[in-house]
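Asks: Next come the chains, spelled out residue by residue.
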Amino acid sequence: MGFNTEDIALIRELQRDIYLDANPFQRVADSLGWSLDRVIDRINELKAVGIIRRFGAALTPANAGFKTNAMIVWDMEGAEGFSFGEIMAVHPRVSHCYIRPSFEGFQFTLYTMTHADSEEELQTIITDLSVKSGLKRYRILRTLKELKKTSPVYFG
Amino acid sequence: MDSIDREILNIIQSDFPISTEPYAEVGRRVGLSGNEVLIRVKKLLKEGVIRKVGPFFDAAKMGHKSTLCAVDVPVEKITQIADIIALYPEITHNYLREGTPNLWFTVIAPTEERIGEILARISKDGGVGPIYNLPAKKMFKVKVDLKVVGA
Numbered sequence: 015m016g017f018n019t020e021d022i023a024l025i026r027e028l029q030r031d032i033y034l035d036a037n038p039f040q041r042v043a044d045s046l047g048w049s050l051d052r053v054i055d056r057i058n059e060l061k062a063v064g065i066i067r068r069f070g071a072a073l074t075p076a077n078a079g080f081k082t083n084a085m086i087v088w089d090m091e092g093a094e095g096f097s098f099g100e101i102m103a104v105h106p107r108v109s110h111c112y113i114r115p116s117f118e119g120f121q122f123t124l125y126t127m128t129h130a131d132s133e134e135e136l137q138t139i140i141t142d143l144s145v146k147s148g149l150k151r152y153r154i155l156r157t158l159k160e161l162k163k164t165s166p167v168y169f170g
Numbered sequence: 494m495d496s497i498d499r500e501i502l503n504i505i506q507s508d509f510p511i512s513t514e515p516y517a518e519v520g521r522r523v524g525l526s527g528n529e530v531l532i533r534v535k536k537l538l539k540e541g542v543i544r545k546v547g548p549f550f551d552a553a554k555m556g557h558k559s560t561l562c563a564v565d566v567p568v569e570k571i572t573q574i575a576d577i578i579a580l581y582p583e584i585t586h587n588y589l590r591e592g593t594p595n596l597w598f599t600v601i602a603p604t605e606e607r608i609g610e611i612l613a614r615i616s617k618d619g620g621v622g623p624i625y626n627l628p629a630k631k632m633f634k635v636k637v638d639l640k641v642v643g644a
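Residue numbers (this note's numbering), protein chains in the order written: chain A, 15 to 170; chain B, 494 to 644.
The hints are simulated quantities; they were obtained by calculation from the structure and are not laboratory data. Check the hints yourself; a few may be wrong.
When the alpha-carbon atoms are kept at most 35 Å apart in a straight line, the in silico DSBU-like pairs for lysine-lysine are as follows [as the list claims (entries may be wrong)]: (1) B:Lys570 / A:Lys61; (2) A:Lys61 / A:Lys159; (3) B:Lys570 / A:Lys146; (4) A:Lys61 / B:Lys634; (5) B:Lys640 / B:Lys630; (6) A:Lys162 / B:Lys636; (7) B:Lys536 / B:Lys630; (8) A:Lys159 / B:Lys631; (9) B:Lys536 / A:Lys146; (10) B:Lys640 / B:Lys617; (11) A:Lys163 / B:Lys636; (12) A:Lys81 / B:Lys631; (13) B:Lys539 / A:Lys163; (14) A:Lys150 / A:Lys163; (15) A:Lys163 / B:Lys570; (16) B:Lys539 / A:Lys61; (17) A:Lys61 / B:Lys554; (18) A:Lys162 / B:Lys536.
Starting from the given sequences, assemble the full structure and let the hints guide the process.
Replies: Structural data, given as structure tokens:
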């Protein structure tokens, strides 16, 4: 399933700042001239097919008690297999895990984003990931400053 | 943040009720009225714990291309480059990190051509580069809900 022109109208409404209201989906229904049931059903369908991958609150990790946020990049040392990524992705403190191309002077290709309460916990997570995957060569790229964080706007 | 705030956060991060009265539904699970939940959510937004509430779309399923880019920027130019990056709605995250390269940002745009155009403009206008364009070859996890536990 893809999305149709009526979905585009719905997606535009859903991206508005409407959620600090007791009945946000009724507001969407009123704006679109749809029934509330139609709005709810269509959102659930878009969730089911993964067009909406998540619906809810996004936190700013640093303000939610995660003091030490870091991107850990791993050298797979020429290995092509995806098993390293699968091993790391299951760790609860790894939020994002990708393989990306290497580039000039940077041989690290497996990227994991980790959120920890403290430097000690970060070290524990890294040790855990290293032991479970068998990967030994990594670099810790701690977040020094968040310069921008927004959400993409679709059909803006 | 108290334990009820944390409970609310853990519910609404991944399971915001798609229903007539979402906050009343969350309230039933944590033992508060819908209005009490809404007041707490507003406070958490004001404090910056919550960044936003709403839908998160899969960029690829929306027909968009996404990538992570890295560029090394001299310390004295960070603010200037951050200001240029701020101009592009297609750039959603920008972080200063340890190491080299030190500036890492994500771009989501309808086409790869548009991404290339943005990178070329930043490089030219900011006098920085090379900008490494690192689209994912394989994605294992995108899970932005974080289990919040008591301190």
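Asks: Now look at each hint and say whether the structure bears it out.
Replies: Results of checking the hints against the structure:
no.	hint	verdict
1	B:Lys570 / A:Lys61	violated, 42 Å
2	A:Lys61 / A:Lys159	holds, 32 Å
3	B:Lys570 / A:Lys146	violated, 40 Å
4	A:Lys61 / B:Lys634	holds, 17 Å
5	B:Lys640 / B:Lys630	holds, 28 Å
6	A:Lys162 / B:Lys636	holds, 19 Å
7	B:Lys536 / B:Lys630	violated, 40 Å
8	A:Lys159 / B:Lys631	holds, 27 Å
9	B:Lys536 / A:Lys146	violated, 40 Å
10	B:Lys640 / B:Lys617	violated, 41 Å
11	A:Lys163 / B:Lys636	holds, 16 Å
12	A:Lys81 / B:Lys631	holds, 28 Å
13	B:Lys539 / A:Lys163	holds, 16 Å
14	A:Lys150 / A:Lys163	holds, 31 Å
15	A:Lys163 / B:Lys570	holds, 20 Å
16	B:Lys539 / A:Lys61	holds, 28 Å
17	A:Lys61 / B:Lys554	holds, 11 Å
18	A:Lys162 / B:Lys536	holds, 22 Å
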